[in-house]
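Enquirer: Based on the provided sequences and hints, a complete structural model is requested.
What follows is the residue order along each chain.
2 protein chains.
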Amino acid sequence: MNTLDVIASQPLNTESEHPLYRQLQERIVQLIATGFLSEGTALPTEQSLCESFGLSRATVRKCFEGLVKSGRVIRKRGKGTFVSKGNDRPGLDTALNFSAEMAGFGKTPSSHVVSFQQVEAPNWVSELLELQESNAVWQIERVRLADETPLLLTTAYIPVELCPELSEEELEDSLYSAIARHSGTLPERADEVYEATTLNAVQAKQLRVPAGSPALRILRHSIDSQGRIFELSVIIARADRYKLAVTTTSRGARLRKNIT
Amino acid sequence: MNTLDVIASQPLNTESEHPLYRQLQERIVQLIATGFLSEGTALPTEQSLCESFGLSRATVRKCFEGLVKSGRVIRKRGKGTFVSKGNDRPGLDTALNFSAEMAGFGKTPSSHVVSFQQVEAPNWVSELLELQESNAVWQIERVRLADETPLLLTTAYIPVELCPELSEEELEDSLYSAIARHSGTLPERADEVYEATTLNAVQAKQLRVPAGSPALRILRHSIDSQGRIFELSVIIARADRYKLAVTTTSRGARLRKNIT
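Read top to bottom, the protein sequences are chains A and B. The first sequence begins at 1 in UniProt numbering and counts up by one. The second sequence begins at 1 in UniProt numbering and counts up by one.
The set of hints was computed from the structure by calculation and includes no laboratory data. Remember, predicted model here, so these are calculated numbers, not experimental data. Incorrect hints may have been included.
For identical chains, the list gives no copy identity; a pair is met inside one copy or between any two copies.
To be verified - No farther apart than 20 Å at their CA atoms in a straight line, the calculated lysine to aspartate or glutamate pairs in the EDC-like style are these:
#, residue 1, residue 2
1, Lys69, Asp191
2, Lys243, Asp191
3, Lys243, Glu192
4, Lys257, Asp191
5, Lys205, Glu148
Expert: In structure tokens, the structure reads:
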């Protein structure tokens, strides 16, 4: 699917209290977050979005104005609208996009696929993904490196029926970008649980630290606009390089990662 | 110091862009957060606050209205204004108040003081607290239990000159409440860094788990309204009972603890 196809793969909800321009905005933000729309990529024209969705020009313009104001895109006169450099983007953008996250820390990201295969979903995966007809999932194990030192060990589970054509080559890019390209499914929310763990011998070797070393274990649920979990990831992060900084005031909490 | 004395121990900033009613509100919210103003405690009367701060009745009324609206206090006709039950309070309230936090999980909190002593501040403590004249700090080690099972091991450092009269008996209550009572100093912000670690033999024994077990290590800076760090805590939390749940959307992140 091309950009316009992916954006328009699901209709907007005309019965929602959430205005249409906001719904369109969020879909584009999600596509930027996944890395499907990467820095410098052109957005579809306002005209083409009006036609695809049957929206008024005013609605699409309002959507674009918000994206420009938030700094996510820039307009180039006579050329179009382009995704901007994303260092300071809040929220989902860096949570779901390893490359964007590493760029924000001035580090060079790389990735090594340990295994890429279809498997029978383990019970806990099957239950969380609410698999019904087929129990087949893609299981994707990767080591993610920053400046060539291992940082994360990730295992992702995705229903095969969501994107049967997924290939190992596509994992060079963001996984969420590949899911969006195949199925139009976009992450609206990520629920994560952080806990402390210790590394077994296999994990320790992959992360190049002694067995028994401490690590953060993050269980992530990626949730689409219908509230369905469409991907699960178990992320093991080296304790010496990956910390979480939280600032709390009486108005709430703010969160960022500390990566060294 | 009584409640009115603590609230009024520092003047409001009349040159701030932050309106006076909001400044007064935040001070009261901080006192609730520390546990100094606990559930059911009466707030000072509007009249007494007007007199202490030289504020107009309208300003104090606006402050109280905001507190009622946020659910932090309730008015009882003819009786006064009282701190409400705090299960759902956001932000600082539970971050800094172990008892309030445990109550929110339906657990009975308790605490065991391992050591309470004046020591020469370690270098990192001295630097962060910006100690100048005296290098003496209170070092307070406690085990915090939920339903009689150890959950946290906390070590707090506070400049002795901030509250020279601090006593071990006061630690039955919240430490921040005691600091407020002695010095009028209130936490406006807490900066925390979460990382994974493993327990040494002493820590493991105190938390009743095997040595080498994983744990979350939280380094907390408590910061007052002048931006000064007035307390440092190192918190070691059992990995099997203490997790952090983070929900991320394109609008930002929300955070809560998972305690089992």
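Enquirer: The structure should be examined with respect to each hint, and the outcome stated for every one.
Expert: Verification of the hints:
1. With identical chains, the CA atoms of Lys69 and Asp191 are never at most 20 Å apart, being 27 Å at best within one copy and 29 Å at best between copies.
2. Taking identical chains as interchangeable, the C-alpha atoms of Lys243 and Asp191 lie at most 20 Å apart whether they share a chain (18 Å) or sit on different chains (13 Å).
3. For a Cα distance limit of 20 Å, the shortest separation of Lys243 from Glu192 qualifies both inside one copy, at 14 Å, and across copies, at 10 Å.
4. Taking identical chains as interchangeable, the C-alpha atoms of Lys257 and Asp191 lie at most 20 Å apart whether they share a chain (16 Å) or sit on different chains (13 Å).
5. Proximity of Lys205 and Glu148 under a CA criterion of 20 Å is satisfied intra-copy only: 15 Å inside one chain copy versus 38 Å between copies.
Hint compliance for this structure: hint 1 is the single one not met.
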